[in-house]
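Could you put together the complete structure from these sequences and hints?
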Amino acid sequence: MRRTRVTALAAVVAATSIVAAGAVSAQSPGEGWKVGLVTDVGTLDDRNFNQYSWEGAEQGAQAIGGTATAIVTQGSADYNKNIQTFIDQGTQVIVTVGFALGADTVAAAKANPDVFFIGVDQGVCIDENGDNDGTFTCAGDPAVLLPNYQGVIFAEAQPGYLAGIVAANVSKSQHIAVIGGAAFIPAVKNYAEGYAAGARSVNPDIKVEIQYVSDDLNKAFNDPAGGKAFAEQLLSLHPDIDVLFQAAGKTGNGVLQAACEAKAANPDVWGIGVDVDQFLSTPENAACILTSAEKKLSNAVSAAVQAAADGTSVGGNSLYSAANEGIGLSPYHDHEAAVSADVQAAVDAAFQAMAAGTLDPLGATAP
Amino acid sequence: MDVLYGIPLIGLLFQLIAYLVQVLPLIAPIIVVLATPIALGAMCGFMNERSGVVNIGIEGMMLSAAFTGWVAAATMTALFPGQTPIAGFFGATPALVVGLLVAIATGMLVSVAHAWLSISVRADQIISGTIINIVAVGATGYLNILISGTAPPTAGSFRAWVPPKELMDLPYVGWLFDAFLNQGPIVLTMLVMAVVLQVLLFRSRWGLRTRAVGEHPKAAETVGVDVIRLRYRNVILGGIFAGLAGAWFTLEYGNSFQGGMTNGRGFIALAALIFGRWTPIGGLGAALLFTSSEAIGTAIRFQPPSGELAQLGDLLSGVPSQVFSALPYLVTIIVLAGVVGRSLPPAAVGKPYQRESVS
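Protein chains in written order, with the numbering used here: chain A, 1 to 367; chain B, 1 to 359.
None of these hints come from the bench; they were simulated from the model.
Cβ atoms here follow ideal geometry from the backbone N, Cα and C, with glycine treated the same way.
Treat the hints with caution; some may be incorrect.
Stated by the list, open to error - Each pair of labels, with its calculated beta carbon distance range:
1. B:Ile134 x A:Pro113: 32 to 38 Å
2. B:Pro171 x A:Ala337: 40 to 46 Å
3. B:Gly138 x A:Thr137: 40 to 46 Å
4. A:Asp215 x B:Arg122: 39 to 45 Å
5. A:Pro29 x B:Val121: 53 to 59 Å
6. B:Pro171 x A:Ala353: 52 to 58 Å
7. A:Asp127 x B:Gly138: 35 to 41 Å
Unchecked claim - Not the full set, but computed from the structure, chain B residues with beta-carbon under 7 Å of chain A:
8. Ile27
9. Ile30
10. Gly141
11. Asn144
12. Ile145
13. Tyr253
14. Asn255
15. Ser256
16. Gly259
17. Gly260
18. Asn263
19. Thr298
20. Phe302
Given below as structure tokens:
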């Protein structure tokens, strides 16, 4: 199933490049373009969100014959400065990674209509003047006002929902948890609530703890030791919890480590990774990572860079979901025995239903 | 109990005590473990500042040590697979021990650089510390990207020394043994060293000389203390504690390196140092206060007081969790403002010493 999904996505990407090749005969319009990526607070090597977006930017740049560089943001006050650095360098495509960079990216896109902006996890929402709309009324039409700004968003609730189905099925105690980084980041909240809904679709009475680490972005996403302590504390006050899903970046890697150490005492404990296949990206905790709720970050960013180069980018949001194979569950690797064929069938059915649009993970509660 | 809980206002205090009695034994081990890097960082700062050298580079020293210790241990594991943990010795493997030593050596090496800049070159010590912090973030982050291209390895981590079960099952105090003794080697070292340093500072010749050099180096020099040498020695020895704190991140509490993973604890260590009035025990106490405030805030979110304690639960549920995170720093500010007794730094801290005879 995973293989077919990857193939399908490859086909989508290939189709985009064919369009590009067809539009311009001689050489790619993006030849020699500079692609700049501004990370969120954190590092390029987080083996997660920033890193896979960066790989996507590199792939996209390579596909159009350009080059990619990255600036690692040290503090949220630097977002604007880092974007401006790329503008001053004459960069053609600027990728900003993370919801928190949204406002600065909108402002930069408005001030620099000749530069393409790609905002990962940024739902474009602007008012009639093309300014960022903090009230989320979203009255402005992005295709008209900011055609150079492409929001890349994911339906995180969908992979969260799939992870919830697996979690509810493997949980012996029917008490599971999700630890998110910060509640005000929509992607994190969607993961968490999708997870709870997915679990309740299996057992309406299951107990799901939804906990967010902090509103301080560094603590929420950049602090593995703090994340481990947070999870250990949850387990010490609720010892029966046996599945921990993390949506907290590097802080969450600490959560997975806590799950691994709890597994030594209770083999029923599992961790579930986020954004990328964490069994592969964090092998030190692979022994307890059952699966990961994935969004195909690198594919999405790569496709967006290519769309900017070949002129097919029209602004607004491009949503990656089950319908375009933009999300999914990672393979179980060594832990396949823990997931029965029935559970896999339920996951597949939910995936198909979400792709077809008949199942909204955050919609009406399951019967 | 209901009678006590029912008293207006004071009843709430009884409820709070009852709640703490309920949750503290469960979360105390986590409080102690999280206080470790902060207390060790404070000890590093203590060794520096008591001898008259400001060190705000503790964060960078920790981060460097965390990285090199992990690289050394993971490389050892890859080169010599199949190492068996030494039974009864914290689950230590040769790789982990090598990693620990490399981390300590790194802390000392970075301290040598800081000592040279601060003492010999007489550079601005704040700048020296800032450079250490910036270079550490950049260098470890860059090298980590280079390494993580291949599969990121792990060397496992030190295990806790499990004290006799009878001790931990003791009524009333057993949980304290569990919290303080059921811990890994770095946590236990930290606890021992806090006491040892405290005694040495106030009861030994070294302690007296160190204090003299930090307060009035000229006077110390006139009675024959080699100020420069003592400062060098103390700053470099202080690096051991930063190295241990670094190793805690990647070899004891965590099992791999991640960029920027110290996450400001080196700076919180400085706050603990000040709060603890430049003493090792004080620094440990401050670190425990900081982490327990946060942990209790988290516990209230995970398991709000309920049942008999519902009144307290209602009250606390209205308090944003940020208040608990901010509480220690508010208290630090109050201490610095001199409200709860004065906390004064050593008089000569930050002032490079220059012999008068040099001409």
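For each hint, the structure was consulted:
1. B:Ile134 x A:Pro113: 32 to 38 Å: Roughly 36 Å apart at Cβ, these two residues keep to the hinted range, so it holds.
2. B:Pro171 x A:Ala337: 40 to 46 Å: 44 Å, holds
3. B:Gly138 x A:Thr137: 40 to 46 Å: 42 Å, holds
4. A:Asp215 x B:Arg122: 39 to 45 Å: 43 Å, holds
5. A:Pro29 x B:Val121: 53 to 59 Å: Since proline 29 of chain A and valine 121 of chain B have Cβ atoms about 55 Å apart, the given range 53 to 59 Å holds.
6. B:Pro171 x A:Ala353: 52 to 58 Å: Hint holds: Cβ distance 56 Å, inside 52 to 58 Å.
7. A:Asp127 x B:Gly138: 35 to 41 Å: Roughly 39 Å apart at Cβ, these two residues keep to the hinted range, so it holds.
8. Ile27: Where the cut-off is 7 Å and the nearest Cβ of chain A is about 6 Å from isoleucine 27 of chain B, the hint holds.
9. Ile30: Hint holds; isoleucine 30 of chain B Cβ to chain A Cβ min 5 Å, cut 7 Å.
10. Gly141: 5 Å, holds
11. Asn144: 5 Å, holds
12. Ile145: 5 Å, holds
13. Tyr253: 6 Å, holds
14. Asn255: Asparagine 255 of chain B check passes; min Cβ-Cβ to chain A is 5 Å, inside 7 Å.
15. Ser256: 5 Å, holds
16. Gly259: 3 Å, holds
17. Gly260: 6 Å, holds
18. Asn263: 4 Å, holds
19. Thr298: 6 Å, holds
20. Phe302: Since chain A brings a Cβ to about 5 Å from phenylalanine 302 of chain B, closer than 7 Å, the hint holds.
Consistency note: the structure conflicts with none of the earlier hints.
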